[in-house]
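In the working numbering, each residue's number is its place in the sequence shown (first place is 1) plus 25.
These are calculated hints, taken from the structure and not from any lab test.
Any given hint could turn out to be false.
As the list claims (entries may be wrong) - PhoX-like cross-link-like pairs, simulated, lysine-lysine; straight-line CA separation at most 25 angstroms:
hint	residue 1	residue 2
1	244	677
2	487	588
3	628	677
4	628	208
Only a predicted model underlies this, so the values are computations on that prediction, with no experimental measurement involved.
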Amino acid sequence: MKNSPSLGGNMSRRPSKTGTPLLGNIVEERDSSYSSTPSSPSSPYDSNHLSFAASASRRASLLPTTLRRKALRSSRSSRRQWLVVFVLAVTSWTLWSRAGGTSHPVVQRAKSVMEQQPCRYLPFLHRCRRDPFAGLEYRVEDGLMYYPAKLALSSGETSDEPPPQPHPIHLLIKDAEAAWQEKVARQSHTLEDAVGEYQRRYNMAPPLGFDRWWTFATKNNVQFLDEYDSIYEKILPFHSLPRDVLEHRSWMLQHDDKLWLKDLAFTIEISADKGGKIESRGPMLHRNNRAEQIAALLDGIAQHVPVNLNLTITGHDVPWIVPAGEAMENHRKAALAGKYIEEEDYINFMDNHTYDGWTVICPPGSKIRDVGWLDNRMDSWAPPEQSSFIKDHPAAMDICQHPENQPIHGFTSWPGPRPSLLFPLFAFTVSSMHADLLIPPLEQYEAVVGPDPEWKDKTMDKVVWRGSTTGFDPTFPHMRKWSQRPRLCRLHRQTGAVTVQLALQDTPHAPGPATSYTEHATNLAEHYFDFMFNGFPQQCGDEKACADFEKEFEWDGFMHVEKQNEYKYVLDIDGNGWSGRFHRLMASNTLVLKSTVFPEWYKDRIQPWVHYVPVRVDYTDLWGIMAFFKGDLDGNGAHDHLAEKIASEGKKWTLENWRWEDMQAYFLRLILEYARVMNKDPENPTNMDFVLPSPPHP
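Please construct the entire structure, taking both the sequences and the accompanying hints into account.
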């Protein structure tokens, strides 16, 4: 969020609830969970009016002539009134019918005159309740929703100036809740349904063993039975390589001493002909306990794998497989066409030295291809021109579409690796640029939540973070300055002013216009944040650099979970790879805020703004997020009840969708997909497909 250039008269610790709004009331709306239900006034044209008109007409014949004429005039006037009412009602019904149904996108263009007229004439109708976001048009791009919105005009244009409008987080929550409810409701209920949904989504049959997977998943009450798009996206390129090529590359990962990846992995053998027996071997077998963890996860599902299979898995925190963007495009195109890529392309790295490493492994046409070498952008980061919040978190993680995040994250703030070929390697972490096959990490999965007060009993109304200096190398000045963890711990030292939006005029029934609020950054940081490194500098190869880095920050000791659980808000940010603490945090009564560039295995089955709050890599939205939930320095405009609701839903989601059985269901489905590409017969490419048995003949 851009700092205010001035700390003048607009600076206010107590903004007036009737102050000048930046965001405010909107045009007519339809049904909205944020709108109060207006009482419907009784019509002035009810049955009492009809009976009076009829009786007056009958009595007129008994009156003297003068009075009779007056009565006749009154009768004619009454009939004319009812004729007008009838014509108006018919016209309104016609216009309403032409206007279509009541559903509309949350982000929409302004209604046309035809659509507005029914509510103009019949505002008391239930369907004319106001939606505070109707007619607003937000720019949504690469996972970010920018604000303020502009008013969409019936001409197809937008207004030059933003109209008054509610706080955008209200819309993000509303939209996310609707998306989550729709996802829950659409899941398959039978094997036949699941096969049909698989074919609809991916235009192919499910893999062999799909019925066994279905039985396992339903027996163990896995809630989401269709949401595995991320597996399809990762496995699709491998369909473009023949079985013998994949077998050779798998062998190289396990045995080729000339391949540097060999020493960074272990292999698990699944013997289908021995009832799913599991054996582990490889260089990284005993360097950590990850091979043992994966073997434990396979226990109970390995017997469902239909063929003998080797899984080669890196034991490191990071992924390794980075084919060039053009190569991945060729793989996907061939796979979608049901073909293998040309033989000469098997070993074509398609490197392009006009780009740095990260850029060449991004897809052609992605934004990073247009910004030049990283060396020329290392210290050029500037706050975005327009404020935004994350709407689609996986899209917002994509460095290829967000090159502005490349120099400010320790994982990408170097020129990057040169392209590799497509190898069948499993990893615990991936980025949007990596082709490794993602499996669930298990480190810290069993970490206990500890004593955890209910929301109302938590004593610390700030967002907390404690962590070590992982995720970057403090030896390098750029990483010390710009990486995600040092930047976070400097927020409380930010100078100047910060301007945020406060929802001061909300009511219990509907959001009101938001108000611009400017305050000294140090005051807001003290009110909102509690961020510190703990321990001492780690992953630092230069003694002097480590000493200088240590002097720059205030360091804390280890924060026990009992103390951390006193906070209402906790921030989870990247270290070297995936977040080991995220599961424990989500299982607590605390609201989790998360900033990351690593999509994890559950990304298809979790909903930001319903279960946690997504945070941009640059943290520019963090001030606005905390202002929405905590309000100003005096608590004005706070939405503590919404923070509590998201925290509660996040805990519920964790207990229901991040169980051991949920990880097993994901892993088994991935293995079945992998078994198909590793065993597909070029002469009979459907040999590893699952086919529903034909119904018995009557």
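Structure-based check of each hint:
Proposed proximity of residue 244 and residue 677 is supported: the alpha carbons are some 20 angstroms apart, at most 25 angstroms. For the hint pairing residue 487 with residue 588, the CA-to-CA distance comes to about 13 angstroms; that is within 25 angstroms, so the pair holds. At most 25 angstroms may separate the alpha-carbon atoms for a hinted pair to count; residue 628 and residue 677 meet this at roughly 16 angstroms. With a CA separation close to 13 angstroms, the supplied pair residue 628 and residue 208 stays within the 25 angstroms bound.
Hint check: no violations occur; every hint is consistent with the structure.
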